[in-house]
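**Q** Residue numbers (our numbering), protein chains in the order written: chain A, 1 to 113; chain V, 1 to 117.
Just so you know, these hints were derived from the structure itself, not from any lab. We put the beta carbon where it would ideally sit given N, CA and C, even for glycine. This list has only true hints and no planted wrong ones.
Restraint ranges, calculated between C-beta atoms of paired labels, are given here:
#1 V:Leu117 / A:Leu60: 37 to 43 Å
#2 V:Glu17 / A:Leu55: 40 to 46 Å
#3 V:Gln114 / A:Lys71: 43 to 49 Å
#4 V:Glu26 / A:Gly3: 28 to 34 Å
#5 V:Gln83 / A:Asn30: 33 to 39 Å
#6 V:Phe47 / A:Gly40: 17 to 23 Å
#7 V:Lys16 / A:Asn30: 42 to 48 Å
Straight-line alpha carbon distances no greater than 30 Å define the calculated DSS-like cross-link-like pairs of lysine-lysine that follow:
#8 V:Lys70 / A:Lys101
#9 A:Lys57 / V:Lys38
#10 A:Lys11 / V:Lys38
#11 A:Lys101 / V:Lys3
Here are a few chain V residues that sit away from chain A, every Cβ distance over 10 Å (derived from the structure):
#12 Ser12
#13 Val14
#14 Asp18
#15 Arg28
#16 Asp55
#17 Ser65
#18 Trp66
#19 Thr72
#20 Ser74
#21 Asn76
#22 Thr78
#23 Thr80
#24 Val85
#25 Asp86
#26 Leu117
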Amino acid sequence: DTGVSQDPRHKITKRGQNVTFRCDPISEHNRLYWYRQTLGQGPEFLTYFQNEAQLEKSRLLSDRFSAERPKGSFSTLEIQRTEQGDSAMYLCASSRTPYEKLFFGSGTQLSVL
Amino acid sequence: AQKVTQAQTEISVVEKEDVTLDCVYETRDTTYYLFWYKQPPSGELVFLIRRNSFDEQNEISGRYSWNFQKSTSSFNFTITASQVVDSAVYFCALSEAGSGTASKLTFGTGTRLQVTL
Numbered sequence: 001d002t003g004v005s006q007d008p009r010h011k012i013t014k015r016g017q018n019v020t021f022r023c024d025p026i027s028e029h030n031r032l033y034w035y036r037q038t039l040g041q042g043p044e045f046l047t048y049f050q051n052e053a054q055l056e057k058s059r060l061l062s063d064r065f066s067a068e069r070p071k072g073s074f075s076t077l078e079i080q081r082t083e084q085g086d087s088a089m090y091l092c093a094s095s096r097t098p099y100e101k102l103f104f105g106s107g108t109q110l111s112v113l
Numbered sequence: 001a002q003k004v005t006q007a008q009t010e011i012s013v014v015e016k017e018d019v020t021l022d023c024v025y026e027t028r029d030t031t032y033y034l035f036w037y038k039q040p041p042s043g044e045l046v047f048l049i050r051r052n053s054f055d056e057q058n059e060i061s062g063r064y065s066w067n068f069q070k071s072t073s074s075f076n077f078t079i080t081a082s083q084v085v086d087s088a089v090y091f092c093a094l095s096e097a098g099s100g101t102a103s104k105l106t107f108g109t110g111t112r113l114q115v116t117l
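Extracted from the complex, chain V is given alone in its bound form:
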């Protein structure tokens, strides 16, 4: 069965520091999708990125970057020059193509990021 592990429960940084959120996954499928979602205090999950298992290119979007390494089954997320508005819970998630839908997600337990001034 698939599993997502986010070992960091809480991280606290000072604004402008860089921070990396770790995600390790387990799956037996060869085709799968990895996601990161952000959950601010309002509760609504906000989509950040999706990666399929055949695309190991790292991606950068503004202050956000993602490092996907199949060899270590990891999909880590880095925020550069963190801001107070980045404070939220961040979830890594996995879906398997064999499930019939890429949207049936298995989530990790989340990492709470607190950015202070």
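The following block holds chain A by itself, in its conformation from the complex:
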């Protein structure tokens, strides 16, 4: 059990650029979640997957955001045409079943200049 891994840890980009983050969940975990956390706030739910199926997307996830989980393993979160308001910590979490606790990764800190 190596925990939830996220890459990169930090990303600095210019406004208008596209960025992609990767999350590797704990190997036997079927559920994978993305959250976003801004400074001084708690994490906010973005989306989650059951294996490769994306089951729910928050209204916070605009059309510029897309998430995938091919083959039900790792997941990617892409943000197109980044805006300064996208600057935040993007957290990935996984759980073995829908009703078990979440294990979080250390997050990807995005700064949009």
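Starting from the known structure of chain A, arrange chain V on it as the hints suggest.
**A** Frame of chain A; chain V shown alone:
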């Protein structure tokens, strides 16, 4: 809609003091889950406890204890004999069974705990 309120933004205590972190929640579901997570400076959220709405028993785990009161919609967290290593941001969170998953969490804004020598 569900909501979690952590009115204490920051708390500062001296080591060995007891400290209680408050959490008040709102939900229309009769079945829900309450959580506490710790976020140290490294950034990774660490699970501390989960409680379901049918289990109002208080729980003690070492120096940590939790008081769940449905009558006041509160789920407070007490650290006894605090230590410097307890310094972190603590989040209370709620999930509703009607959402289809107990892991879609609504978090409070967190309470930053600073424990000094």
